[in-house]
Amino acid sequence: MSDEPNKGLQSPLRRKLLMGAAALPLISILPRPSFGAGPATSVVNTTGLAVTDTEVTVGILHSATGTMAISETGSIQAEKLAIEQINAMGGVLGRKIKFIQEDGASDWPTFAEKAKKLLVNDKVAAIMGCWTSASRKAVLPVVEQYNGMLYYPTFYEGLEQSKNVIYTGQEATQQILAGLNWIAKEKGAKSFFFIGSDYIWPRTSNKIARKHVENVLKGKVVGEEYYALGSTQFNSVINKIKLTKPDVIFTDVVGGSNVAFYKQLKAAGVDLSKQALLTISVTEDEIDGIGGENIAGAYACMKYFQSLDNANNKAFVPAFKKLWGEKTVIGDVTQAGYLGPWLWKLTVEKAGSFDVDKIAAASPGVEFKEAPEGYVRIHENHHLWSKTRVGRAKLDGQFELIFETSDLVEPDPFPKGYQ
Amino acid sequence: MFGDYSIGDLGSIFVMQGFAGLVLFSVYVLMALGLAIIFGQMGVINMAHGEFMILGAYVTWLTSNTFQSYLPSLFSGYFFLAMILAFLASGALGMLVEWVLIRHLYKRPLDTLLATWGLSLMLQQTYRSVFGPREVGVELPQWMLGSLKVTDSIEVPINGVFVMGLTVLITVVVAYVLYKSRWGRQVRAVVQNRIMAGAVGINTEKVDRYTFGLGCGIAGIAGSAFTMIGSTGPTSGQLYIVDTFLVVVFGGAASLLGTIASAFSISQTQSTLEFFTSGSMAKVLTLLAVVGILMLRPQGLFALKVRK
Chain A
1 MSDEPNKGLQ SPLRRKLLMG AAALPLISIL PRPSFGAGPA TSVVNTTGLA
51 VTDTEVTVGI LHSATGTMAI SETGSIQAEK LAIEQINAMG GVLGRKIKFI
101 QEDGASDWPT FAEKAKKLLV NDKVAAIMGC WTSASRKAVL PVVEQYNGML
151 YYPTFYEGLE QSKNVIYTGQ EATQQILAGL NWIAKEKGAK SFFFIGSDYI
201 WPRTSNKIAR KHVENVLKGK VVGEEYYALG STQFNSVINK IKLTKPDVIF
251 TDVVGGSNVA FYKQLKAAGV DLSKQALLTI SVTEDEIDGI GGENIAGAYA
301 CMKYFQSLDN ANNKAFVPAF KKLWGEKTVI GDVTQAGYLG PWLWKLTVEK
351 AGSFDVDKIA AASPGVEFKE APEGYVRIHE NHHLWSKTRV GRAKLDGQFE
401 LIFETSDLVE PDPFPKGYQ
Chain B
1 MFGDYSIGDL GSIFVMQGFA GLVLFSVYVL MALGLAIIFG QMGVINMAHG
51 EFMILGAYVT WLTSNTFQSY LPSLFSGYFF LAMILAFLAS GALGMLVEWV
101 LIRHLYKRPL DTLLATWGLS LMLQQTYRSV FGPREVGVEL PQWMLGSLKV
151 TDSIEVPING VFVMGLTVLI TVVVAYVLYK SRWGRQVRAV VQNRIMAGAV
201 GINTEKVDRY TFGLGCGIAG IAGSAFTMIG STGPTSGQLY IVDTFLVVVF
251 GGAASLLGTI ASAFSISQTQ STLEFFTSGS MAKVLTLLAV VGILMLRPQG
301 LFALKVRK
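Listed in order, the protein sequences are those of chains A and B.
To convert, note that position 288 of the first sequence is 288 in our numbering; the numbers rise steadily by one, no gaps.
To convert, note that position 105 of the second sequence is 105 in our numbering; the numbers rise steadily by one, no gaps.
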């Protein structure tokens, strides 16, 4: 291990100072940091990444145009905020983070191409990026081939694990199981109606949910329906829901369909204050389009809500709004996007190196105590230990926290008995 | 499948399901009417139809915001004004597009497909730059939300009733304009033979521009009405374009009656199948049926009789 002596140089005291500084909400009053005081480049960068004595380059790869821009804008904003804050505190190993932003344009081959460009031409030290599973699947072979590091922010269906990816969102069991347990206990729910958009994430999630309902909760799934992405007519399925009278409607409808579904549910006279509805696809971002009055009363199962009442979040929300405008809302994935640059920074400092292999090896066990969602830690499988929370949608488009798991939930991307 | 339910339950579900089919029918007619004029009457393949609809939706959103800020007392009635403004905005944009782009392409109808597709991309990105990439929520007045309770177990959505009424009104107006008015005769004359129509003194350029404008304007109204049931975002228009073309082509391009008949058969098939199978399966079966019928009747359900 050639970097052993260097670990001594990088004093633990300095790291502590940086960690402490992360808790300071008003970063602007800090004196301007000077860069270039870190360990020598030849030591921390042995694989030819874009690292100089004063700068390190990372990539941001999301859709700023096309149909997914709706969702990915929040992630871009969060990642930029995190990078800005890290720089204000002295950067990573004494180097300022510079970012190159590429547009995946909601097109999966474009994502792969841009990832290759970032890794091969720009030699970025890490990529914060991707949103849909399809874009991640397109980028995965590229980051594995060129040995890059990807920080992926979205909650997703699981069934994946890679040395080159850190999954900062929840995998399916983490997101779903605790929520189902809670609603089964709280509402005495026995019968469930599943409705989702027709692609891999809802189908996998519902498969896990069905196994859990049938085998663990001993309940019954009275209906399971999928609608093509972009469907805008849900009256028939709403009638079916009315006919089967489930205790809980469990939804993972996404995109424009989401808006149509809740508007039509409301118009059909389904009162969400009486009919329990648990969704795993609606965050504060989505409510902006759906309208608070159409979804108030629904329960959402996430790990983060903008309304969370803790010191980290109380610093994070104003900082986000200061940078991106008072009216912006922060959803679960946006927060997970914010974790990416921070986890990377902490891992680099733990490893004492920008080398991807060392970062991948050092990742398990890295903890981020200032995460807006509370404490998170990277698991051996490169997913995060985090809490699962249930919130109730309010008229103003925010969630009221109803329930959270007492402990961190272990990520389990290949759940036994659920496949 | 229905063994566990009482006769009363089933009765009310069938009534509500019938109503759901009628709402779907109205939605299809409303979104297809504008295209039926542009594609059916003028032969222009307007791929930007969805974006003209979304312009109407954004106008509705702007109107709603304006009323909330400046005229909160009149908020409950803003929707009617919003629909008129949506018609004017989309119509005006349509006339501009016709003047800049479409009029050069009447002799090359297939090229209109590419040109308007490009136009739709440009419009989407414009909406994204102006209104932001996120969807906007259009707030509706209280009376338009919720449902009417007909009996204890039968409820019909108010916005569904509203869309149905609007569809009937606009269909009647369009039918009158196209088939009874002097201007409608000019439109049909231009479509059938542009040169002869010009020779008998019809200002064909003007007729083209207003026809295209009318089609786009109706798309704007449809977009405005759909803020009640769907989403409003830069790419929301894409959600409608396939179904719209399906309805118009299946109905027989040049026939208003065909559009209505086709909207009716597609919507009823789809909504019945959705109930008895599932959402995705219903779509597959409906499309298969449409493809099958189009193979037997390539000209669509209703076609004008022409001498070949």
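In short, the hints are calculated from the structure, not lab data.
Note that the coordinates shown come from a computational prediction; the quantities given were computed from them, not determined experimentally.
Be a bit skeptical, because a hint or two may be false.
[Unchecked claim] In the DSS-like style, the derived pairs of lysine-lysine whose C-alpha atoms are separated by at most 27 angstroms in a straight line are:
1. A:K80 to A:K98
2. B:K180 to A:K245
3. B:K107 to A:K242
4. B:K149 to A:K274
5. B:K283 to A:K394
6. B:K283 to A:K245
7. A:K185 to A:K245
8. A:K242 to B:K283
9. B:K283 to A:K207
10. A:K387 to A:K321
Now the hints, each set against the structure:
| no. | hint | verdict |
| --- | --- | --- |
| 1 | A:K80 to A:K98 | holds (10 angstroms) |
| 2 | B:K180 to A:K245 | violated (50 angstroms) |
| 3 | B:K107 to A:K242 | violated (53 angstroms) |
| 4 | B:K149 to A:K274 | holds (17 angstroms) |
| 5 | B:K283 to A:K394 | violated (34 angstroms) |
| 6 | B:K283 to A:K245 | holds (25 angstroms) |
| 7 | A:K185 to A:K245 | holds (18 angstroms) |
| 8 | A:K242 to B:K283 | holds (22 angstroms) |
| 9 | B:K283 to A:K207 | holds (22 angstroms) |
| 10 | A:K387 to A:K321 | holds (24 angstroms) |
In summary, the structure is inconsistent with hints 2, 3 and 5 from the numbered list given earlier, while agreeing with the others.
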